[in-house]
Each structure stands twice: as structure tokens, then as C-alpha cells.
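Asker: We have chain A; now place chain B onto it with these hints.
Spelled out from the first residue to the last, the chains are:
Number of protein chains: 2
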Amino acid sequence: MARKDEEFVKEIPKKAENFSEWYTSVILKTELADYSPVRGCMVIRPYGYALWEGVQEGLNRRFKATGHMNAYFPLFIPESFLKKEAEHVEGFAPQVALVTRGGGEELTEPLVVRPTSEAIICSMYAKWIHSYRDLPVLINQWANVVRWEKSTRLFLRTMEFLWQEGHTAHRTREEAEEETMRMLMVYKDFVENDLAIPVLTGRKTEKEKFAGAEMTYAIEALMPDGQALQAGTSHFLGQNFAKAFDIKFLDSDNTEKNVWQTSWGVSTRILGALIMTHGDDRGLALPPKIAPVQVVIVPIVYKEKEAVIEKAKALRDLLEKDYRVRLDDRDEYTPGWKYNEWEMRGVPLRLEVGLKDIEKGQVVMVPRDGSGKVFVPEAEIAETARRMLDNLQAGCLKKAKDYLDSHIFEASTLPELKATLQEKKGFIKTMWCGSLECELKVKEETGATSRCISLDEHRQGPCVTCGKPSTDTIFFARAY
Amino acid sequence: MARKDEEFVKEIPKKAENFSEWYTSVILKTELADYSPVRGCMVIRPYGYALWEGVQEGLNRRFKATGHMNAYFPLFIPESFLKKEAEHVEGFAPQVALVTRGGGEELTEPLVVRPTSEAIICSMYAKWIHSYRDLPVLINQWANVVRWEKSTRLFLRTMEFLWQEGHTAHRTREEAEEETMRMLMVYKDFVENDLAIPVLTGRKTEKEKFAGAEMTYAIEALMPDGQALQAGTSHFLGQNFAKAFDIKFLDSDNTEKNVWQTSWGVSTRILGALIMTHGDDRGLALPPKIAPVQVVIVPIVYKEKEAVIEKAKALRDLLEKDYRVRLDDRDEYTPGWKYNEWEMRGVPLRLEVGLKDIEKGQVVMVPRDGSGKVFVPEAEIAETARRMLDNLQAGCLKKAKDYLDSHIFEASTLPELKATLQEKKGFIKTMWCGSLECELKVKEETGATSRCISLDEHRQGPCVTCGKPSTDTIFFARAY
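Protein sequence lines correspond, in order, to chains A and B. Counting in our numbering, the first sequence runs from 1 upward without gaps. Counting in our numbering, the second sequence runs from 1 upward without gaps.
This is chain A alone, in the form it adopts within the complex:
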């Protein structure tokens, strides 16, 4: 019954040689996701969905700690609602899926499958908000959304995707601005500390901002192929939607005012960043905090099966108190096959235990980072596991942070920007005058788009394109 030790991880293309094929291959082989029969839609398989549940948990905890509650709004939006905010409809209209028939009949007004929920949520806020006492409204929604994409890639860009979208309403501009930045920082905190993906934070240009927002802020990660990936956005909506949807409240000074709003979102795309950032030629490598299985126990059974399995179960019971543990006691696979399998699936820590180990009062512990196997006396297992997992989490972040830090390059002219981008892939930090023309010219000449304007740095310098004096430090990169 036992299969041969196939070393099937060799079937995964080398990450450094063919990054794109490596990415798809890892996702399919580790059963994170699969293509579906519907063009552009993916199936998130149990192992991938467990990662998404980890994201939900990590974000929900932070959303709750900052006073937000979850709710659920309809999937369908009357087409006319989308049109109420001018910029918003312009941005989303080309991308929508339309329901035109229902219950066997033609609809009088087509329904848009939500590409984002500002329109439907604002229509409800107009109904719910009357007084300053009703503010702030701090609501988040976990939902599926649909955007008709021409070309799609697993996790990174799919026609339907899962996300959370926060929608808040405030009494003053200042409060809404604070909220916008608070949620940007919540995202940064989650992505860096739980997913071990370091990010730049900054403001989007007018061209790159959310359709309908006054300002968009983003966290931007850098993938190993030197392309940037927008991992989360937080929008200050100003009063744009409040005016379009007539969301008013009576303030304590007895005058009627429009609310100030924010919205912010993170999607299943973040899992694409997670896979790309930490994976290697052996497959996935998951930071312990997000790993669905943190410790896998593989019993080495040749003889005295019962004693070994019993010990393995005792180890599981011990570690299960603090970690997500999987005991792989399947008969039909060899230990070697299991090692490969769980390495490929990115489980941070493996425990091996056989009869010889039991006799010596030890186990073998193998961290996923390739640092090698360690013999650990029984009494030290829990403590060693804790230390190893902490080290693995820190190691994932450090490696990614070193990569990011060493891939931010400066350029002060367009030819320099172009040359740097070709030689050394990554973020190009430069100055920009703020004009759409200069921004477009960079894209045209280099293929790089503006990723974000620095929030911290305000120095004087010549615009990378036109040379005029500028005060915005901006990051360009090729991007997903």
C-alpha cells in the first residue's frame, strides 16, 4: 500500500528561474486553490481557506479592539445607486456584472453584483443616521465581491474575490481622517506581525486613488520578483458619498451636517503576497502565526507500532494546548513522503518520533527554515517548540524585511529611474511634482506605476520627470 518516496517537490519549478510558474504550481500542488469552470473565478480549497480564516481572525480581533462591528449588506445594488457618486460609477461601471433576469422575468432595473459596497451601505446610513448621537458608525463587512477582470491569476486577481470592507461615518473631518490612518496602521500591524510581510505605507496619487475617495492610503509590499503588490487600502471619502446619498445628522449646535466617511479593505489577494513572500523551491513556507498547521508530528513506524503511535498522541496532546497540531499517522504513506508533503505545505515545525527516540527519551524537531534537525530531550519539547516557532516567525519577517530594505533604490531623473528599474528590480524612490502628466510619463517610459507618496519625508528636490521643484517623495515600481 505504501507509496514510494517520490520527492515530488522536484516537480515545482525553481522560484528564481520561473517565478510565475513556481507561484501557480505551489498553489495547485499544495491544494490552496484551484481553477473553476467559471472564467476568472477560483475555488479556495480547505487548506487555502484555513489561511483566509486566519486572516479573518487576525483582522477581526483588531477591528473589534478599535470599536468596529460586523454586519451584512445585500449582494445586489440597483444600477441607479452606483451612479449617484460620479467618480465612483466612472471607476466601477466598466467592471460590473449585471443581473438582468430573475425568477424567469426580465428586471425593470438591472441589479449590479457589488464590486464594492459604498453605494448600498450609504443608502442605509442615510436611513440610520439622524443625530450626532448616532455617530460614529463603525461597521465592517466580510463579503464576496465581483469585478469583471480581463486577465486573472489565482488569489492576485480574480473576478470574484473575498474581502472585508469597513465603512465608517463620523461627525467631523478630523475624526474621519484619524480613522483612515488608524485602519491603515491596523493593516500594517497585521500584515507585518502576523503574515511577516513588511510594507511601505503611503498616500496614493490622484490617478491611483479609489473612485470616489478624497484620499487613498495603501500598504505596499514587494514581491521576490521585484514587483510591488498593494496589500490593503484605507480611503478618506470626505463628504463625497454623504452628499450623493444625503447622509445628514443634526449636530449639537442644532444645524444639519453631512457626515464624513471612510472605507477600507483587504482581500484574498493578501494570500498571494503571503505565498510569494515566504515560499521557496520546496513549496510553501508559512509564518507560524498564520499557519493552519503549526506543528506536524510524524511517527516513524517500523515495529512496535502501538508504542510509537501512543507516544505521538501524547506529544500531540501536549502541544495542542498551545499550537495547531496535526498528527499524521496515515498508514499508506512513508515517513519520507510525509516529510516532503508537509514541507511543501509549509508547516513551520515537524516532530519526528520513532522507537529509538522513545528509548532515548527524545524527539527530533525540524524547523521549515532549513536550519536542520535537532534532537530534543522530552522535558524540553514544549519550550523548544515555543522558541523555534518564535524564531521562525521572526526569521520570516527579517528575511522579507532585508529583501525590501535592499530593494528600495533612489533615482533623480527619468533615465536613471529607467536604468535602475532594469538593473535592480524593486521600489524606486524619487521626487515628483504632483502632475498627472509626469506620473504618466514614468509609466509610459518604464512600465512602473506610482505606488505611494511618502507620509514622513518632506524634502525639496527636482521632479523626476520635469525637473521642477517638488516636495513629494514618491515610490514607483512595476506592480501586480
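Treat the hints as calculated values from the structure; they're not laboratory data. Just to be clear, a hint being listed does not mean it is correct.
[Claimed, not checked] List of simulated lysine-lysine pairs, DSBU-like, C-alpha gap at most 30 Å:
(1) B/443 - B/468
(2) B/14 - A/127
(3) A/289 - B/289
Answerer: The following block gives chain B in isolation, referenced to the frame of chain A:
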């Protein structure tokens, strides 16, 4: 700033006098849900969504304990897929919403917005399942589904609703049958123990079963107006979908076989049952296990505000270790207004603490069941809270169980069934020969539909309609 004590719960119609208006009024006033601008779609507001999160938690825990994992499949199903299983398409085709335009273009094949996911999931299982080693597949999905309904009611019947749908594939008929019953019992356990809603379990008739299933089992609850509510279903699909979608595996005997399947679901409709079962003239009444807020603390502040708030916070910190606690320290509302508000919202237990209480070393505890206020010495607060909450949970179930037990009536002829149904609303237990004709006749004459066939009782008796000898004990009721 303080509002007058409005006793606004008086605005809720009496439950016994106008049950239907009472139901809608409670939902709107406690902000569980709201109507949306899209016909037939509802908005689940934060307080209502917190209940749904409780359902998700309670079911997820049980699903995981029985070996299931969550996944996510596409919202859209190619129309041709729905047509592969003949009964299935016949059942669902009249109810579907169709996407016919996407990205500004007419689609060559319309996409069905999923009314249920057998079709799309089976198409993936055909791809994933090859060997008996791949079985069983035990997957659940939390998702939104759309069914075009003519008349809708908040939670009970909405065009879009949230649910979970389990879809499993097995090696043998026996395994799949076992799974079907296992999940039926998981539902019964959750609904009775967490939601305190007692249910009948049984098999659906051929007429009432799921379109495409071989057998459907259901849990059936009885609402206070005497109408039954189907609260969850578990389907044995046999090999119907496996054949339609060509899901085959190579068994250990080296022959190719179709898998055996099940599917099972519980939806947001269950929250309608929760509201109706336990609510009263003062509003919602929530069993502690599902209550988003289990204990509300209301500080009585007239003077020495700081000392009282400090004590209230200490109480919160004490109770928060074990319970979901809300400290309502809002200045703009009076204690009396807050009592009404939280009673209306169904919070099981209220703690009041004022300066006098602090001096006496006590708090006031008021359970939501109307049993009256109790002065509790500080040292006994945690223990008393535990006891009171346990009692409340048990009390909710007992009251509902007494009601159910006293509303199951027997009838042996159609005139008797009709008369009993008119006089005493509830389930009518009777015998049935198994013919569609006899079942339809009951509906026609009485408005009652068959709810379920008993799994336990197998006695001989005359069919309620035709009088022929029968062995099926069946329950009829008017139903939601």
C-alpha cells in the same frame, strides 16, 4: 442631554395579539435587521450579525469536531451545469437570478447566481477525486445564496440569504447515510443546546425533499403561533449528482465506482426561529449561549460618578473573563431608559450598581426572565452570574419544550385533523400511506403540509386520508 424614560417597548405590539407585527417590530426596533432598497433583500445589522457569528461559531466547532473543513466555491454557476441533474434544475430553475452581462458585454452563456452549490462543487469533486484514498471529502462552505422569492419576510424568507452548506463524498452508501444522520444530529444538538429551540427530527416526503436528493431529513421547530419552521436539512444524495457530474474513484478492488454524497444546510432563517421562540412583549429574549451580550452592567450615577464608574469597570473586568459583557456608561441616557433598552434587546442578565450598593458591598442582578431583582453580595457575583445564566439557558429550553410537547396532537381521520388544527394550533401526528395524492389532499383541505416522517415510530394504522393500512407516522402542520 438625558432623554426621558420613554418606555418605548410599549410601542411593540403584543406577541399574543398580533404575532406577525410583533415579529417585524422586534427585529426593526432592536436593530437586528432592516429592509434594503433591493426588493426582497435584507440588511443584517451589527446586533443581528453578532447572532449569526454565534451560529457560525457553534456550528463550526461541531463541524470541525466531526472532521469537516471550510472552503469557498464560486458565486456563479454556468447555466448548463444546473441542468445536469434533472430534478435539481426543475426545482431551482424558476427561482434563479441570471447574470447576462459582464464587463459591458453580453455573455455567451448566462451565469446563475448560486441558489445552492451542488452543481459547482460536484464539478470540482469530479476533478479532485480519483482514488478511494481521496475519500471521504468532508467540506463545508459559508456563503450567500440567492433564490428569487415572490414574498419575503425578514430572516424567514429573503431573496439573498446567508447559510452554510456541507457537501461530502463517500466510498459507500452506508458511509454517506451515516454522514446524513450525523449532521442531522449535529443540527439538533446545536439548535436545542445553544439556541434552546427544541425540534422534531424526521424524513421529508418525496414531495418535500430537496430537488436532486434521494432522501431529505429535517429538524422542525414549532413557532408560538403554531406554525412549523424547518430549521435545518440534511440530504442523502445517493449517486444522483455523482452520475450527473461523473464523480468516480478507483476502489481498492480495482473497479471504478461513483461516490455517494450528502449535503446539508442551515441558514439565517434560524435567527427568525430564535426571535420568535423566546421573545416576549418586552422584545427579544436571548438564551445566554447565543446572546452577543450576556451581561450588561448599568451604573446608577447621580453623584460620586467616578467611584461608581470605577466599580462598574471592576465588575466588567471580573465578568469579562467568562462572559460577553457590555458596560453601558453612556451619559446621555438614564438608567431606566437603559433597563428598557437592554431588556428589549434580550440581554439575559443585568447588573445595576450605584453608590448605595457600593456602600453595602452588593450589586443588583436582574435576569431577563422576569423573575425579579436580586441583591447579591460582592463575593458571590461571579458564582451567582454563572448560576443565573445556566438557569436562563435551561429555562428558555424548558419553556419552549413544554410548548412543543403540549402542541403535538393526534388525529386519525382527515375531518379530525382539520378540526384539531383549527382548535389547537401545532403539529398533528397521524398515519400516512405514502401516496402523493393523500398528502396533497391534506394540504388542500387544511392548509397544512407534511413536515416529517417519524424515524422512530413504526406502528400499523389507517392512512389519515384514504384509510388504507399504513406504517409511516407523519407530522403535519401549517408552516413558514
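Asker: Verify the proposed pairing of residue 14 of chain B with residue 127 of chain A, using a straight-line Cα cut of 30 Å.
Answerer: Since the Cα atoms of residue 14 of chain B and residue 127 of chain A sit roughly 26 Å apart, the hinted pair holds (cutoff 30 Å).
Asker: Quick one, are residue 443 of chain B and residue 468 of chain B close enough, alpha carbons at most 30 Å?
Answerer: It holds: about 18 Å lies between the C-alpha atoms, which stays within 30 Å.
Asker: When you check the alpha-carbon spacing of residue 289 of chain A and residue 289 of chain B, does it fall within 30 Å?
Answerer: Answer holds: residue 289 of chain A to residue 289 of chain B is near 29 Å, not above 30 Å.
The structure meets every hint from the earlier list without exception.
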